[in-house]
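Engineer: With the hints as constraints, model all of the structure from the sequences given.
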Amino acid sequence: MENLARTEKDTRWMIRVGLASCGIAAGARKVYAALNDAMANQCSNNVILKQTGCYGMCYNEVLVEVCSPAGESMFYKKVKPEYAERIISEHILNGKPIAEWSIPSDELNGLLSKQKRIVLRNCGIIDPESIEDYIAVGGYSAIKKILDTMSPQDVISEVIRAGLRGRGGAGFSTGTKWKLCRESAGFQKYIICNADEGDPGAFMDRSVLESDPHSVIEGMLIGGYAIGATEGFIYARAEYPLAVQRLEIAIAQARERALVGEGIMGHNFDFQLYLRQGAGAFVCGEETALMMSVEGKRGMPRSRPPFPAQSGLWGKPSNINNVETFASVPWIILNGADAYAAYGTETSKGTKVFALAGKAARSGLIEVPMGITINEIVYDIGGGTSTGLNFKAIQIGGPSGGIIPASMADIPVDYESVNKTGAIMGSGGLIVMDESSCMVDIAKFFLNFTQDESCGKCTFCRIGTLRMAETLDRISNGKGTERDVELLTELAQGVKKASLCGLGQSAPNPILTTLRYFRDEYEKHIYDKKCPAKKCQALITYEIIAGKCKGCQLCTKYCPAGAISGEKKQPHKIDSPKCIRCGLCLSTCRLGAVSVH
Amino acid sequence: MVKTRFILNGKNLESNTGSTILEAAEQNGAVIPTLCHDPRLKPTAACRLCLVEVEGDRGPMPACSTPLKEGMVIKTNSENLFKLRQMALELLLSDHYGDCIAPCKLACPAGIDIQGYISLVANGQYQEAIKLIKESNPLPLVCGRVCPRFCEQKCRRNLVDEPVAINFLKRFVADYDLNNGHSYQPEMKTPTGHKIAIIGGGPAGLAAAYYLAIEGHSVTIFDANPALGGMLRYGIPEYRLPKQVLDKEIASITSLCQETLLNAALGKDFTIESLKKEGFQAIFIALGAQSSQKMKIEGEDSSGVLSGIGFLRNVILGKQMNLGNKVVVVGGGNTAVDAARTALRLNAGEVSIVYRRTRQEMPANSEEIEQAEIEGVKFILLAAPTKVIAENGRAIALECNRMTLGAPDASGRRKPETIPGSQFTIAADTIIAAIGQNVDARGIPQELQLERNNIKINEDTLETTVPGVFSGGDCVTGPATVIEAIAAGKKAAIAINQYLHGETVKPVTCQYNCSKGELKNIDVAEYDVVPRIPRKHMPVLALAARQHNFKEIETGFSEEMAKDESARCLSCGCQDVFECKLRELATEYQVDDTHYAGRKHYLPINENEHHYIIRDLNKCVLCGRCVRICSEIAGVGALGFNFRGFNTVVGTAVNIPLSESTCVSCGQCISTCPTGALEEKVNLIKPGPWEMQPVTSICPYCNIGCNLELRMVGDKIVKITSALDNPINNGNLCQRGKFEYLHTLSANRVKVPMIKRDHKLVEASWEEAVALIVKELKAIMVNEGSKKLAVLASAKLTNEELFLIQKLARLALLTNNIGGLNGPITTKNFVSSIDNEIVHCSYHDIQSSDLIVTIGGDVSHNYPVVAMKIREAVDKGTRLITIGHETSSLNTLANIDLKIKARIIIVLLRAALNYIIKYNLIDSEFVNRHTQGFEDLVKEINKYQFESVTDLFWVKPTKIIEFIHLYIRAKNPVIIVNTDTISAEELGLLTDMAYITGNLNRAGSGIITLRNPGNAQGLIDMGVTSDYLPGHRPVDNEAVRKEFGNYWHRQIPFFKGMDTGGIIDAVKNNQISGLMVFGDDAIKKEGNSIFENVKFSVLMSTDLPAEEPYPDVVLPLATFVESEGTFTNCEHRMQHLNRGLPPASSRDNWEIIAQLASALGYHMEYKSSQEIISEIARLITGYKRDTVNEQKVTIRCEKNPCLMSLPTKDDNRAKEPGKVLKTV
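As given, the protein sequences belong to chains A and B, one line each in that order. Residue numbers for the first sequence follow our numbering, beginning at -7 and rising by one. Residue numbers for the second sequence follow our numbering, beginning at 16 and rising by one.
Check the hints yourself; a few may be wrong.
A short list of chain B residues far from chain A (calculated; beta carbon distances all over 10 Å) [to be verified]: (1) Asp110; (2) Asp579; (3) Asp995; (4) Glu1101.
Computed list of lysine to aspartate or glutamate pairs in EDC-like fashion (alpha-carbon distance at most 16 Å, straight line) [stated by the list, open to error]: (5) Lys171/A x Asp146/A; (6) Lys308/A x Asp890/B; (7) Lys98/B x Asp146/A; (8) Lys289/A x Glu647/B; (9) Lys489/A x Glu94/B.
Some chain B residues close to chain A (C-beta under 7 Å, calculated; not the full set) [unchecked claim]: (10) Ala61; (11) Phe97; (12) Leu99; (13) Met102; (14) Leu106; (15) Thr419; (16) Pro423; (17) Gly427; (18) Arg429; (19) Gly660; (20) Arg1048.
Treat the hints as calculated values from the structure; they're not laboratory data. Every residue gets a Cβ at the ideal spot worked out from N, C-alpha and C, and that includes glycine.
Structural biologist: Next up, the structure:
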């Protein structure tokens, strides 16, 4: 529980309110205001109310942490503004924590004991809009250390030794990437932070930028120093307004303190930092497309070689890393490569942040050492499924990733093991699926996503993904034929092999992995015209179980198609041809009298 | 050049270092397929067709963008790659909506290029049309009358109103060809000596004979009948196909053959064996199917029951027939209708047709049925004969059953079924059974195997079971149509030709064809915008005029009707079909476009979107070439990608019409589009497509000298393109080069001489016009003297023409008042400021230069092709400085953009020179060694102190200093001058700047002067100036005058003449009495007003002057597409123009000029423009003819035009003291 330790030397009570997007969406601003008011009413001086970022327990937002002067900490979950007065009066003024609102210690323990917070070290602890807070927890001491004591080569070899691999997904050695860029000929070089997080269900980067933007800036300064870049760009999604706002504040603060600009910390090191906002194109997360977008052009990937390290932004040697990678760097510099390499496996060192989503009971942001098993993540940290249905599979790596079945969930999460399953590590999206998830439907969802987000440049991705999505659509509509599986396999392999960029090359992964692990589900759709997960509308029928129906007429009221009929207090009936299979009757019936086949 | 070694498909090769894999393969002659690559553009690797396997790489790599590395092992042709490419193409074509080939052509068994010939008819090119038709059908006179017209059934116009009258148009063309005197004759190949026997002179035999004869083989036709034609002659009545017409068509074929043997039956008069013995190396059997089918009913053998074809044959042979009063014809095909109508003509009282289905199902042509009805034939439909009722062995009635239509049968038509108990009888004196024909197996030699009573052949090769013996037509297929027989004949000719050349006989490869689909599957809404125009009906003889006779009923289309009808054609087939890269690859990779069938784009085509360009996004493959060429090369960026994923389309910003975007109409996008998605609007009524003949020419609009290809079809220019491999513009063109020729096609052309009478121009004969000119000009010469005469010429004329014009002026009119219009810088100033023979720079230097300075007006606007070269250089790292007041698309690329008003550029240049001299930034060694007059320059320039003028500019002095320093430091700086806004003095100062900094006369550095008309340089070189004779020889030098005088056998006038400006001023002041203007370009600024003040004026012009005052005489002038000769561009490269069209007046410009000169008293005699250039070459150094290739003139200095001989010290030519340094 080291992360919970107080870092500030202060003897006052402290209240932390998680004010990242997840908290704000749950109403944290109102809670913050209510606490502020309550403080004003009851006590004014000896309590510090602090806004922080996300602590990762998104399922529990609004999250409020109360720290006593003695350093004891307590988390309140799902806090409402009404709670404020009592928290102040009972917990702070009377020293009596309110047990019924707090997160039970076993839950907290389960959630945190298997985590190791390196990237997220400051998230939920410091005020992201305060450079003083960041400096107070040792911020900007890593850049000071390297400027004072290390040559660029030293930095590079330290990062190589730490075994840090690109957290954007591809997992290329960060140090080696820096080395290649450093060795590339040219005076002008650029370093770019990829903050264009686009995977559905992934929010690691947003959280880090909202909770601890300075660690990213410091990481970029270190990278810039290492490769010899004097200019840096952060390419962030415009859909992350809070992240953008906090980044702007952070850059301004850093510039004010001469941590960005000319002659940083009195050394002969100049570094300018600019923020660019992307317009929400998924493909702009691909590094060559990202550079096009930074240049002001339509974000379309280009073929490599030449690699960005040789010819990148405006044709100059450039280096791109993602948010998480940069955020790891200051920790490595301060704690040493060995400390970092102590975590993880032989080839995948350190920790990885995951956004645990889908049907996980405890969804949110977690950081775990590499090599942890999927089961540990799903059950120990995630608390199993939220629905109580059996855990079926996990989608890892976003739309470019793949699906790993529950039967293989004992594999360690590291780059090599995940790749072996046909999925990829990706940027850290983990979607937990239970038995109600149809694998054809899941594959269709991701294919539709990649089709919509394809930049349209290369033939295979532009048309191939559509043809695959259409085929999946046919199958889920009960119009699939034997040839369709062949067609899917053929297309998936072709698109994977021949697409121009990572988007197209990985777009077939959801199909290939579901075909590999859940082929029987495809076959049931095609030959039996049945959807085992009861998801595909065209293949299911709703029926009212006469014995259970009490004729309350609730379903009749809700049915948008007018397909349900029956006298009051008499068992109802669904007119199958009229039924549009929306499932409203199933969800409205309180007696469980609606069944799906 | 440094080479990189690599292994390609197992072969050790090498290629230029720095190449991509694709370029390396190309350099070694290996082809890697691609759609998105254009050598002019940076690679993009979008289409994924150029994928290759590189050893050691994880997956296939795009060859177009992957750099070649030493020792690379590359595979381009594995099965895996084939499959990936096939998949890419199948994916692309799964979203391709359009017709490669129009459905009419596809429906035609003979594959006649229907859209092509209809377009030719629309454009009035009938000769071309018959030629095109005869490529697939040698019997258009016949087919134009009797074809069953499968094409019209598939005509997309069915979706609008009625099909185009395709066949009537064919008949019109064929009739036109027959009646216009000189019928089309095919080109014959050299005789091969091979002997071929054609057995059977019907359509199949005749077609085979025609195509084999063209191939140079000796063809003999054998026929058992007394005349050729087969069923055409003996099966089709005279009123439909007059025998006289048939005879002419047959004669046009037999005239190409060796011999025709009539009344010679196979098996009786000769055998296959005997033919082989006689030396026939190949035999084509086309016996037809001439025995009639039986009705297979009781009483059929009674007298009075005839077969349809037997009856028709007897009538045609002139046999007397006694039909009685009532005639009943059984059958629904053309033979039945023919028999019925023939019977009527033979005075039968009542003629009925009995047919078992309804009228809709009758296989006969609908017009025939209609006409039969008009003539009085009765139709008894849904009736099938069951018995012939006979009395005394003679038929008296036909017993029939009533029928009803059941479910569709194998033919797709509904099957007739008997209604039980519905029997009825029809009284009949004669019953004609016309229900079909059979092959008469008795005539087939025993050595040939049969299949279902027909001759058995190999479908692909048409070869029978006996080697060397081929067969086709009805005797193989059973009774079919004329057009199918013709198709078989042509197919056989191809096979036999291959056989005779010892090749394996292969079926004709089927090209990939994309189709919009069958008529029933097309959304009619697509054709909503097409105006409804009724089909032209075939004019027919009035009923009275055709009763009881065999006169041809259909009289044929008039020319006007043909033109109107052809305009109804929707031009379904793709304009790009002959050049489409996608189609070519789809064929090569055996693509099945339904394999990945799914959602398609259906995007409406906005034909009015742009004046010159049509975009059909349904055919776009998103290769991005147009987008890239528009931004990378043209620097315009009017096109981009809109939307994402499958919805991605190429479009303009926010999808505004292209004409409202930043588009500059250069047509570069069209030049790079690999499919038919981008096409030019063709300035013809119908656009074809056709296979076009390229004629190379040179653009006349500016002195860049872009190479053009006039793409010709017959006597029409369809479009202008440029070859990628030409050294001047590398396939790039601007709007003027690409589209301006359209103006030369204007309807207002002068075709004959015109003389002014009563304020009007009226047509006159050449003699009259020339006599008038001679009379008037001579009068002025005698009464007022030659000084009162002046000559102006356009720099759009060729060297040859200009050379003759100055000869005419000096030797016939005895005047030195000669001028030409070539931009604001007059000839005299130009010659004096940019030294005589020096060409400082070539376009090549732009590419190798490290600094480019543009000065004057917007180069990208006025000289876009040079701007493209600048852009390319800047992209490779060359620095750019732009000086001028206009905002240019080059500004954003410039390292320094000096926005300076046109009128103070001279101040800038003086200040810059002052700065260079003051701070001693001079290349003294160069100045000392090569130049003279430096002291004068210093004296002059000292008047203009840098510091005292810098306040005048709106740019910081430091910017100007930066420009000077960049220019001095540059290794190979090139100055590009847009002379449209630069004065002679400014040009002189620029030259001085180049001299004192030593940035001249060195490979890769110098000055390029861009001027407007295409032959601006030639105009000066040819001596169309008051001060200079050809070759810039000063006219005021007595020795020079003498030299030329001796050569031309006449004294050169020695008075000082007026230059262009002088002449124009003099005209305005009434000081000129006689004026000759060659090309109205020469007086563009002044316009017609120039003719007001002269006593007598002559204008040689392409177009009629639009308004008064008119010149006294207007002579026709041929445009550049009508001329042959040479232009000299700004690099001093002499380039050849070839003639695309004949001159509008059918006289060459040089011919007219020579005639005028001769008539005026200086005899000129030239046989060709080559003779003129020979004379020029003798007089001007550098204009030497290429001795190797007599047809073409050499490029003046091939590699580096700037290394021309420098003038010598003792050359005492014009010198402006104090202004310009001279090299020595």
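Engineer: Checked against the structure, which of the hints given earlier come out wrong?
Structural biologist: The structure conflicts with hints 1, 7, 11, 15, 16, 17, 18, 20, although it agrees with all the remaining ones.
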